[in-house]
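Each chain is listed here by its residues.
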Amino acid sequence: MLAKSEFHEEGFELAMMSWLPENVSTYGGQIDYLFYLIYYITAAALIIVTVLMVAFLIVYRQRAGRKAVYIHGNTALEVTWTVVPAVILLLLSFMSISTWGEIKIYAPPAEYEVRVVGKQFNWDVFHPGPDGKLGTKDDIKIENEVHVPVDKVVHVQLQASDVIHSFFVPNFRVKQDAVPGRNILVWFEVTKPGKYELPCAELCGFGHSGMLGWVFVHTPEDYEKFLKENQG
Amino acid sequence: MAREATARSSSGDGVETLAHASAFGGGPPPPSQAEPVISNARLGLMMFIGAEVMFFAGLIGAFLVLRLSSEVWPPPAQPRLPVWITGFNTVVLLCSGLAMHRASLAARLRDRLRLSGWLLATAVLGALFLCIQGYEWVRLIGFGLTMRSGLYGSTFYALIGLHGLHVLGALVWVGVVWFLARQGSYASDQAAGVELCAMYWMFVVALWPVLYGLVYLY
Amino acid sequence: MSEAAASAHADHGHHEPAGFWSHYVFSTDHKMIGRQFLFLGLFMLIIGGTLAMLIRWQLAWPETEVPGMGWVPEPTMYEGIIPPNTYNMLFTMHATIMIFFVVMPVMVGGFGNFLIPIMIGAKDMAFPLLNMLSFWVGAVAGVIMVASFFVVGGAAAGGWTSYTPLTGDAVFTGVNWGINLWVLSLFVLAFSSLMGSINYITTVINMRAPGMTYFRMPLSIWSLFITAILLLLALPVLTAALGMLFFDRVFATNFFLPAGGMPLLWQHLFWFFGHPEVYILVLPAMGVTSDILSVFSRKPIFGYRAMAYSMIAIAFLSWIVWGHHMFLSGMNPLLGTAFMLTTMVIAVPSAIKTFNWLGTLWGGSIRFTVPLLFAIGFVSNFVIGGLSGIFMASTPVDIFIHDTYFIVAHFHYVVAGIIFAMFAAIYFWFPKMFGRMMNSTWGIVHFIGTYIFFNLTFFPMHFLGVGGHMRRIYNPMQYEYLEQFGDMNVFITISAFLLAISQIPFIVNFVWSLFAGEKASENPWEANTLEWSAPSPPPHGNFATTPQVYRGPYEYSVPGVEEDWLPQDRPLGAAAATGH
Ligand code: HEA
Ligand code: HEA
Ligand code: CUA
Ligand SMILES: [Cu+2]
Chain A
1 MLAKSEFHEE
11 GFELAMMSWL
21 PENVSTYGGQ
31 IDYLFYLIYY
41 ITAAALIIVT
51 VLMVAFLIVY
61 RQRAGRKAVY
71 IHGNTALEVT
81 WTVVPAVILL
91 LLSFMSISTW
101 GEIKIYAPPA
111 EYEVRVVGKQ
121 FNWDVFHPGP
131 DGKLGTKDDI
141 KIENEVHVPV
151 DKVVHVQLQA
161 SDVIHSFFVP
171 NFRVKQDAVP
181 GRNILVWFEV
191 TKPGKYELPC
201 AELCGFGHSG
211 MLGWVFVHTP
221 EDYEKFLKEN
231 QG
Chain B
1001 MAREATARSS
1011 SGDGVETLAH
1021 ASAFGGGPPP
1031 PSQAEPVISN
1041 ARLGLMMFIG
1051 AEVMFFAGLI
1061 GAFLVLRLSS
1071 EVWPPPAQPR
1081 LPVWITGFNT
1091 VVLLCSGLAM
1101 HRASLAARLR
1111 DRLRLSGWLL
1121 ATAVLGALFL
1131 CIQGYEWVRL
1141 IGFGLTMRSG
1151 LYGSTFYALI
1161 GLHGLHVLGA
1171 LVWVGVVWFL
1181 ARQGSYASDQ
1191 AAGVELCAMY
1201 WMFVVALWPV
1211 LYGLVYLY
Chain C
2001 MSEAAASAHA
2011 DHGHHEPAGF
2021 WSHYVFSTDH
2031 KMIGRQFLFL
2041 GLFMLIIGGT
2051 LAMLIRWQLA
2061 WPETEVPGMG
2071 WVPEPTMYEG
2081 IIPPNTYNML
2091 FTMHATIMIF
2101 FVVMPVMVGG
2111 FGNFLIPIMI
2121 GAKDMAFPLL
2131 NMLSFWVGAV
2141 AGVIMVASFF
2151 VVGGAAAGGW
2161 TSYTPLTGDA
2171 VFTGVNWGIN
2181 LWVLSLFVLA
2191 FSSLMGSINY
2201 ITTVINMRAP
2211 GMTYFRMPLS
2221 IWSLFITAIL
2231 LLLALPVLTA
2241 ALGMLFFDRV
2251 FATNFFLPAG
2261 GMPLLWQHLF
2271 WFFGHPEVYI
2281 LVLPAMGVTS
2291 DILSVFSRKP
2301 IFGYRAMAYS
2311 MIAIAFLSWI
2321 VWGHHMFLSG
2331 MNPLLGTAFM
2341 LTTMVIAVPS
2351 AIKTFNWLGT
2361 LWGGSIRFTV
2371 PLLFAIGFVS
2381 NFVIGGLSGI
2391 FMASTPVDIF
2401 IHDTYFIVAH
2411 FHYVVAGIIF
2421 AMFAAIYFWF
2431 PKMFGRMMNS
2441 TWGIVHFIGT
2451 YIFFNLTFFP
2461 MHFLGVGGHM
2471 RRIYNPMQYE
2481 YLEQFGDMNV
2491 FITISAFLLA
2501 ISQIPFIVNF
2511 VWSLFAGEKA
2521 SENPWEANTL
2531 EWSAPSPPPH
2541 GNFATTPQVY
2551 RGPYEYSVPG
2561 VEEDWLPQDR
2571 PLGAAAATGH
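Protein chains in written order, with our numbering: chain A, 1 to 232; chain B, 1001 to 1218; chain C, 2001 to 2580.
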């Protein structure tokens, strides 16, 4: 099997998958890998079923002098087409479990922390400021802008102040609902500096559409600059 | 299919349809057909009770989730629920279940007098249950436990109140059956009317200790 | 209903109530109630479809004037321009109407009522009066739902899933009575479906004709029976949740609000109902598809028992997969893993059904009638929708595609795909329901248009989803990374309009055939099941004599029998063809 990260570059991009936004996070590749894998499996299943169906429709169309086969089933066949999909599906589950665990269950220790609070219809973002700690006086609050360093494990403390919102960064393969009254941990590590869109993905009222922020991923120098600009 | 064993015997029977003659009860099955194991009405009521169980399961599930996720329960500023008097009330309702049991026995024996007597006892005990509960509610509201005073109040009134509504509904039914029994219905061969009512009453009674245990004691 | 039906009644001379009201309106005859549900559902389909067209217009040409909508008063629309909150109302009501007032009334209410008694050889339902009430209560629910468009503040705007806290308090959506009525309508509808399901279950258990054992029931009946059980048990949970939501909204309690309550509790309760609900929608479609495929392949259904058991398996498993809608809701991720496993498992019985349908076609002598085409269309769409479900079942993949158009594509292939089974059933049973045939040339035109434009509408939505296009957004052009999808949205919208236009042949055909279609014989499709041995349309009481059932429903092309069909109630001399 192909190494997970290479998968994308192998030139396998078929129609549907070519729309996938560029991935810039460390674990995004694993998600994409599973995505592709399922894509090929389901595409094969679809082709098999469709081809058989069309073939049967043509071959077994009503014709003079031929009577349909009188048969009620076939145990061997039926067992096969129960067991084969079952095995494939269970394999898929087990492959998904580790990735899911890595993304949502075992977060690596934080190297940088921000707090993001969703409210109708903005993201309030609290950065740690020069002391590098959240919840202190020098925290930098900016609306709809998340500033994070590149190549660092970022922990987002995700909160909401009124209704449920959802923190979605397509390029990071990150999505997590923000629930009022809860503090939910989201983590990611970005490998490429740049500016990425952060839409809200959960219906949150009439302003849901257009509830949009940006994630700025800085090189260390850029990040220093950002800190300076926002002091005082 | 090799299931001939369950097949019912048959013989042609007339076209006469009794459907609208006794529409609500479903009418008797065609004469030649073997009597179903459980009559339509009984089966229908069982389904209905099944749905009711799911309804209360939804509420109880919600109650449990809410209560397990609160740090302190009951919340400090809220009045305590009257455990003892409601315990007595539980006994009252259970007794009404017993009375209903006697009533349906009497119906089966075609004992008209006993039937209406026990039905009356059921109804009186049921009404007593509701009265005691109503009285307690008035007091609790006086102490400041209301639907809006927090989760404790909301879940309490929702669960207990919806059960109370069911008791009220069942009580009306018992009342009707009692009235009919006094008029002399059920005297002949139809104990079914009483038994259905009994079944529903038993459901309402049996649900109560569960709620009492969860809401008052646990 | 036409003179045909009327004269059939006259011939029969039952003491059936003759008045207009008791015959057409407050009828207790299961067939009339079935027709009433059918008409209700088709009428609502036009409303739900029109809402979909408005949605599509907005997505293709955001914030432009919708042609012909200039008359709609503010603040619903501004000279034909749809404002954001109205857009939210549109998809909320579109989904609610399509699911609760189109698919459920037609498939469960309509065909359930029409088919159950007559296919098991009963004269009517177990509780005819309850049955009538079920329709009228359902109709009242429909009226309440439609009325909610006209109250101050507009209709419900919280999505058909109505997540709290958004819907828990009017301040969040700005919609007060709209959502209250939405809750009320579904609450009332729950009573309708309760009465219906009690009736169906009792009828199937107690009223089968002599010889109609469980494993001689057609799969349509199996599916409706299982659906009724799911309805019976699932709807009360929704009712309980709706009750609490109503309290939150109207009496300011806090069940689902963060102040004391739990926002996620609503999602758990809703999806605990909601997932069985999607199978409630699809099972009857699977049942009628099985019957129709077998009839027109002139062949016994492949793996009859496996078909029945897989539906039972689906019904059981559907109670333990609800969490797959909540992978990213903040629910414990370990639970996510558990729900992924159960979700993968529930795909297996669906696979069994798919392959059994293929097996049924294999070796057949396939007659290309309109019902067959639509049944094939259903299978083909179901496979696409089912396979896209596998993507979401995988938790990591769902991180990306959750709440995108990939989901929208998935569920339209399955739920809107049911519309194909619905059409198949209508074309198939129309002769029995109304005593006339539908025109098959126009039926084929209808099929081709519907099939092509359905796929052109919904398949590209997968691409949108893969590109990260969120669902429930009013204007995709507000996002830079979605600008590239402008053209695709226009393409989808045009396809959707053509899909709607493709329904016009159906409407014309349906109405025309009602009054002037060719008279149908008793058994125009040469099918085996009991309804085809009753007159078309069947009189009150259905059968002249209670039929005696001798065999299973799928004995087609039996060796040694002259014709290629063998009705369930036809006695055969000797031991020939006692089934399998
Ligand atoms: C009739 C309705 C219907 C049906 C039948 C299904 C069937 C399935 N659904 Fe779907 N679903 C919906 C209606 C339905 N769904 C709706 C309405 C929503 C969205 C609700 C909302 O949020 O508004 C939804 C959402 C939804 C989600 C949540 C997505 C999200 O919000 O992020 C998930 C996740 O697991 C899911 C999974 C599945 C799966 C695995 C099946 C399986 O049962 C499918 C099984 C079928 C097959 C797999 C195809 C046939 C099999 C083969 C050809 C064999 C070979 C296959 C393999 C080896 C893979 N569905
Ligand atoms: C049974 C269920 C069902 C059915 C049949 C449909 C049918 C259709 N749906 Fe629907 N849809 C849902 C269930 C369904 N949908 C659900 C559950 C949602 C999620 C809502 C939410 O997020 O809360 C949704 C959401 C949804 C969206 C996403 C909105 C968003 O997230 O922002 C879109 C967008 O394209 C859409 C489009 C369509 C279209 C084009 C059809 C077409 O197939 C309709 C075609 C039918 C007709 C048009 C009617 C018949 C035609 C005539 C009678 C001719 C005359 C009429 C005209 C010319 C107007 N639907
Ligand atoms: Cu915030 Cu949608
Ligand atoms: Cu589901």
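Hints should not be assumed to be uniformly reliable.
Unchecked claim - The following residues of chain B were derived to be distant from chain C, with all beta-carbon distances above 10 Å: (1) Ile1038; (2) Leu1043; (3) Met1047; (4) Phe1048; (5) Met1054; (6) Phe1055; (7) Ala1121; (8) Thr1155; (9) Gly1184; (10) Leu1217.
As the list claims (entries may be wrong) - Which stretches of chain A does chain C cover? Using the computed rule of at least three CB atoms under 8 Å from a CB of chain C, they are: (11) 87–93; (12) 109–115; (13) 127–141; (14) 179–186.
To be verified - Simulated coverage check for chain C against chain A, where a stretch passes if three residues somewhere in it have a Cβ under 8 Å from a Cβ of chain A: (15) 2328–2337; (16) 2412–2422; (17) 2556–2566.
For the record, the hints were derived by calculation from the structure and aren't laboratory data. Glycine included, every Cβ here is placed at the ideal spot set by N, Cα and C.
Status of each hint after checking the structure:
{"no.": "1", "hint": "Ile1038", "in the structure": "violated (7 Å)"}
{"no.": "2", "hint": "Leu1043", "in the structure": "violated (5 Å)"}
{"no.": "3", "hint": "Met1047", "in the structure": "violated (4 Å)"}
{"no.": "4", "hint": "Phe1048", "in the structure": "violated (6 Å)"}
{"no.": "5", "hint": "Met1054", "in the structure": "violated (4 Å)"}
{"no.": "6", "hint": "Phe1055", "in the structure": "violated (4 Å)"}
{"no.": "7", "hint": "Ala1121", "in the structure": "holds (30 Å)"}
{"no.": "8", "hint": "Thr1155", "in the structure": "violated (8 Å)"}
{"no.": "9", "hint": "Gly1184", "in the structure": "holds (25 Å)"}
{"no.": "10", "hint": "Leu1217", "in the structure": "holds (22 Å)"}
{"no.": "11", "hint": "87–93", "in the structure": "holds (count 4)"}
{"no.": "12", "hint": "109–115", "in the structure": "violated (count 0)"}
{"no.": "13", "hint": "127–141", "in the structure": "violated (count 0)"}
{"no.": "14", "hint": "179–186", "in the structure": "holds (count 5)"}
{"no.": "15", "hint": "2328–2337", "in the structure": "holds (count 7)"}
{"no.": "16", "hint": "2412–2422", "in the structure": "violated (count 0)"}
{"no.": "17", "hint": "2556–2566", "in the structure": "holds (count 5)"}
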